[in-house]
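Please build the complex by placing chain P on the supplied structure of chain G, with the hints as guidance.
Residue numbers (my numbering), protein chains in the order written: chain G, 11 to 469; chain P, 45 to 124.
Derived by calculation from the structure, the hints in this document are not laboratory data.
Please note that the accuracy of each hint is not assured.
Chain P is faced by these chain G residues, among others (derived, beta-carbon under 8 Å) [unchecked claim]:
(1) 151
(2) 156
(3) 272
(4) 287
Sample of chain G residues lacking proximity to chain P, with all beta carbon distances greater than 10 Å (derived) [as the list claims (entries may be wrong)]:
(5) 11
(6) 12
(7) 27
(8) 28
(9) 33
(10) 59
(11) 78
(12) 86
(13) 119
(14) 133
(15) 143
(16) 196
(17) 382
(18) 419
(19) 425
Yeah, the Cβ is synthetic: ideal placement off N, Cα and C, and Gly gets one too.
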Amino acid sequence: MRVFQVSELVEAINAQLAAFGEVWVRGELSGVKVAASGHRYFTLKDPQGQLACVMWASQADRLRFKLADGLAVLVRGVLEVYPQRGSLQLLVQELVPEGVGELQLAFEQLKAKLSAEGLFAPERKRPMPALPQRLGLVTSPKGAAVRDVLKVLSRWPHLQVLLYPVRVQGKGAEGEIARALRYLGKLGFCDVILLVRGGGSLEDLWAFNEEVVARAIAASPIPVISGVGHEVDFTIADFVADIRAATPTQAAELVVAQLERQARRVEDGFAALQRAWQRRFASVANRLALASGARGLAVFPARLQHLATRLDSWRASLPRLLRNLVHLRHRRFATAQAHLLGWPVRFGAAKQRQVLASHMAMARERLKALLLRRSLEVAAKARALQALSPLAVLRRGYSITTREGDQTPLRSASEVTVGERVVVRLAEGRLRTLVVGHLAGSQATLFEDPGRGDEQGEL
Amino acid sequence: MSKESFEQALAELEGIVARLEDENVPLEEALKLFERGVKLARRLRGQLTAVERRVEQLLAEAAEGEQPPTAPFVAESEGD
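Same shape as in the complex, but just chain G (with noise of 0.2 Å):
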């Protein structure tokens, strides 16, 4: 019998060993190890036996889903033994996963490990922004992604789009994705972002799935809307985005809803205001028109007299008071055509910057008239109604005196007698009051002179 050398044996068996050719086996993956140089070693199993395996990198680097412990896969490779150590071992050429695709099974793995860090948590997400009036736009500038967004975009006169064109599919659409999040973002011109694509395979869509960009959009500082896909479509950026929308239809749709409802907002508090105030007025009105009917409040000439002096008054500082008010709303004016300019006429032809000064200039001219007018009319109807209010009048010191029991105004001392109660209404509370006597003088003035005191008898 023939004596061996040992590497002659190992070469020996090797020899069979190619001659055996290409082998699939199905296995479970145990042990996986990535060693510094990128190759990947690991155990491929079954509940009766084991098979170590070798996967170069350049093979391996090539899987788009992570090797780990438990994946049940197919493999196809050669096998030999291991010189150096005498052990058989498996070079692994192809390596697929059972029973889900390749792309399936990296998407679930990205999706376990983007969760497990947190970065689809619901504290994470932004809500749309208050006032979306500059819109980021990443997509393809063809296709009808970005047509069906402008067209609902357009829906609403008073916004802006920047759109960064990038690639939304193919080798490298996943880096001017996540390059484009990155720049608008340090940019920081734009309320938020849209990040969107129209329907396809899920090969088509494989760049929306690629940890680049979910890195990208959770590090975005402007909120990101998706809409990648259709409906039943859901990608990894969509469940790293602040809001998903089901397609790029409805991502803009949302932005539009959002600019309808503030300015339904807008108008309804508008509308509002003016009913309140309506009613406010008129319930004054009413009230006064009941206390003096029966109580005879307008009875008292001098005070109507007094009223027309304190308003006369008012009329004279009027003009001052319109013209701080002219001059604060000209500042905020300006302020907005400082905002206004600085984006994106920069940009624009000189001649669209003309037509915007004069537009400005009308709308200027127009805002004064308007302003001038609204500030008269509120300061009239606040003149009217301090004139009638009944409370007014007393809370500039004037009292109202009855009987007690008895709602009828006393106008004449001569009324009561001494020992009667009466009730003294003032501004704010009244007094039951003891009549001790009758001063000089029937037709008394109001404020009287504290030295022309009657000596007969004191309140």
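Only chain P this time, still in chain G's reference frame:
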């Protein structure tokens, strides 16, 4: 005119409307509220329409702090 102030001003306006609907608010205060409310509503309207419609395509990135070159963008109407 920050975006936060829009939401705040809107909330304030809605609060003022609610206050004004309360008959017990003294007249002077009601007047002040009304004036404030009108001011807010006008400002909000102004903010809502402050921006004119514009669609631009970015032509290249620019250095930090600088505005990138852009050109008006019109989507092709045919083909996918």
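Now the hints, each set against the structure:
1. 151: holds (6 Å)
2. 156: Nearest chain P Cβ about 5 Å off; hint holds.
3. 272: holds (7 Å)
4. 287: holds (5 Å)
5. 11: Fine: 75 Å to the nearest Cβ keeps residue 11 (chain G) off the interface.
6. 12: The claim stands: residue 12 (chain G) keeps its Cβ more than 10 Å from every Cβ of chain P (closest is about 72 Å).
7. 27: holds (53 Å)
8. 28: The claim holds: residue 28 (chain G) sits with its nearest Cβ about 51 Å from chain P, beyond 10 Å.
9. 33: holds (45 Å)
10. 59: holds (53 Å)
11. 78: Holds, because the least Cβ-Cβ distance between residue 78 (chain G) and chain P comes to about 38 Å, which exceeds 10 Å.
12. 86: About 38 Å separates residue 86 (chain G) from the closest Cβ of chain P, which puts it past 10 Å; holds.
13. 119: Correct as stated: the minimum Cβ-Cβ distance to chain P is 32 Å, above 10 Å.
14. 133: The claim stands: residue 133 (chain G) keeps its Cβ more than 10 Å from every Cβ of chain P (closest is about 20 Å).
15. 143: Non-interface label on residue 143 (chain G) violated, nearest chain P Cβ at 5 Å vs cutoff 10 Å.
16. 196: violated (6 Å)
17. 382: At roughly 13 Å from the nearest Cβ of chain P, residue 382 (chain G) sits farther out than 10 Å, so the non-interface label holds.
18. 419: The claim stands: residue 419 (chain G) keeps its Cβ more than 10 Å from every Cβ of chain P (closest is about 22 Å).
19. 425: holds (31 Å)
Hints 15 and 16 from the list above are not met by this structure, while the remaining hints are.
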